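Protein chains in written order, with the working numbering: chain A, 151 to 265; chain B, 5 to 116.
Simulated from the structure, these hints should not be mistaken for lab results. Predicted, not measured: the structure shown is a model, and the values here were computed from it. Idealized CB from N, CA, C, for every residue including glycine. Treat the hints loosely; a few may be bogus.
Under 8 Å between C-beta atoms, here's a sample of chain A residues computed to sit facing chain B [what the hints assert, rightly or not]:
no., residue
1, G190
2, Q191
3, G192
4, L193
5, F195
6, E253
7, F256
8, P258
9, G259
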Amino acid sequence: GAGVSQSPSNKVTEKGKDVELRCDPISGHTALYWYRQSLGQGLEFLIYFQGNSAPDKSGLPSDRFSAERTGGSVSTLTIQRTQQEDSAVYLCASSWDATTGNEQFFGPGTRLTVL
Amino acid sequence: TQLLEQSPQFLSIQEGENLTVYCNSSSVFSSLQWYRQEPGEGPVLLVTVVTGGEVKKLKRLTFQFGDARKDSSLHITAAQPGDTGLYLCAGVAETSGSRLTFGEGTQLTVNP
Numbered sequence: 151g152a153g154v155s156q157s158p159s160n161k162v163t164e165k166g167k168d169v170e171l172r173c174d175p176i177s178g179h180t181a182l183y184w185y186r187q188s189l190g191q192g193l194e195f196l197i198y199f200q201g202n203s204a205p206d207k208s209g210l211p212s213d214r215f216s217a218e219r220t221g222g223s224v225s226t227l228t229i230q231r232t233q234q235e236d237s238a239v240y241l242c243a244s245s246w247d248a249t250t251g252n253e254q255f256f257g258p259g260t261r262l263t264v265l
Numbered sequence: 005t006q007l008l009e010q011s012p013q014f015l016s017i018q019e020g021e022n023l024t025v026y027c028n029s030s031s032v033f034s035s036l037q038w039y040r041q042e043p044g045e046g047p048v049l050l051v052t053v054v055t056g057g058e059v060k061k062l063k064r065l066t067f068q069f070g071d072a073r074k075d076s077s078l079h080i081t082a083a084q085p086g087d088t089g090l091y092l093c094a095g096v097a098e099t100s101g102s103r104l105t106f107g108e109g110t111q112l113t114v115n116p
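Looking at chain B on its own, in the form it has when it is part of the complex (with noise of 0.2 Å):
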């Protein structure tokens, strides 16, 4: 069973598209957080959500976190070709020390 459900697992959009991807379990996080990975490379964090309700933007990218704690969204408005790659959520678990347990990611394709 997955910690972090991630959906959708695949998303293909056109430019110029907005889009959506959801993390959500049944588990409390600490903290959660969204990182972007490319081919060939190691993910890199976009950002760190830690309490209930927060929202962060980040140019073009928003990121909420579930009131509960439970679960993350992460909406892409006016996506770009450059916006192409992996998503993943990670979180630690109130129940896990400091363990991070990643979704297992969005793949995200952009068309021009």
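Chain A extracted, bound-state conformation (with noise of 0.2 Å):
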């Protein structure tokens, strides 16, 4: 019965370097979201998978951020190159379906920082 975990909890990178952020979604949920919260901000959509349809990318600030979800499960948000403004806590959700107002269960998220 866990809850959405995440990892790592913290990531410190340099300016142009990669990053795997991974989700582990709650068991049988079939919908996972991605989201980007600055300080103290509300969260800004990213992408959310459900079941075995395309991804909703329509969120993805540009194209060094990508995701994916394997099995129906695990999902892995990469962002490539990354920049000081990718600096952000990167949560993710899952839910049982992306039924609208479906309760979305939430990660602890990761804080990213890029030096």
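Once you've looked at the hints, go ahead and assemble the two chains, each given alone in its own frame, into the complex.
Rendered as structure tokens:
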């Protein structure tokens, strides 16, 4: 009965390096979401996966950002050639499906710092 | 342009006071949710409202969805220090499929 887990909890990297952030959703949840949150701010939608459907990538800020979800479970968000403006908390959430009003359960986030 | 406007952005009050947080939009929402987030953690859902004019109560918290489904409010009665946190409204606009859009949040501090 574990909740959504994310790793690493903190990541410090140098500008220009690639990073991978991992999300383990709640077992059985078919929908998985990635968000970005700047300090004390609201959440910025990045991408979501629903079952075997093509992901909604409309929130990805640039082509340096990509995500995949293997086997309908674990997801990895990859940021290539990181920039300082990529520094933020990256939050993952999952839900039973993407039905309107369905509760999203969030992980604790990965705090990314790009030096 | 922010789809969901939250106000106030910051709120610092004394224990025992009442407060209201507002979430407004020019868009119509199929549903609207309120989340609370504490430092170092992800947001946790407090309530979902789906019907225009709907009012839901959760202990000292009262949530209202506007008749036109364009706005919502969160009212806290007799605030306590444990209510401190970032309150986020989030909604699914009728034109956005099932994508959830978040407001900027209201940082509430309740001083003992």
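We went through each hint and held it up to the structure:
{"no.": "1", "hint": "G190", "result": "holds (6 Å)"}
{"no.": "2", "hint": "Q191", "result": "holds (6 Å)"}
{"no.": "3", "hint": "G192", "result": "holds (4 Å)"}
{"no.": "4", "hint": "L193", "result": "holds (4 Å)"}
{"no.": "5", "hint": "F195", "result": "holds (6 Å)"}
{"no.": "6", "hint": "E253", "result": "holds (5 Å)"}
{"no.": "7", "hint": "F256", "result": "holds (3 Å)"}
{"no.": "8", "hint": "P258", "result": "holds (5 Å)"}
{"no.": "9", "hint": "G259", "result": "holds (6 Å)"}
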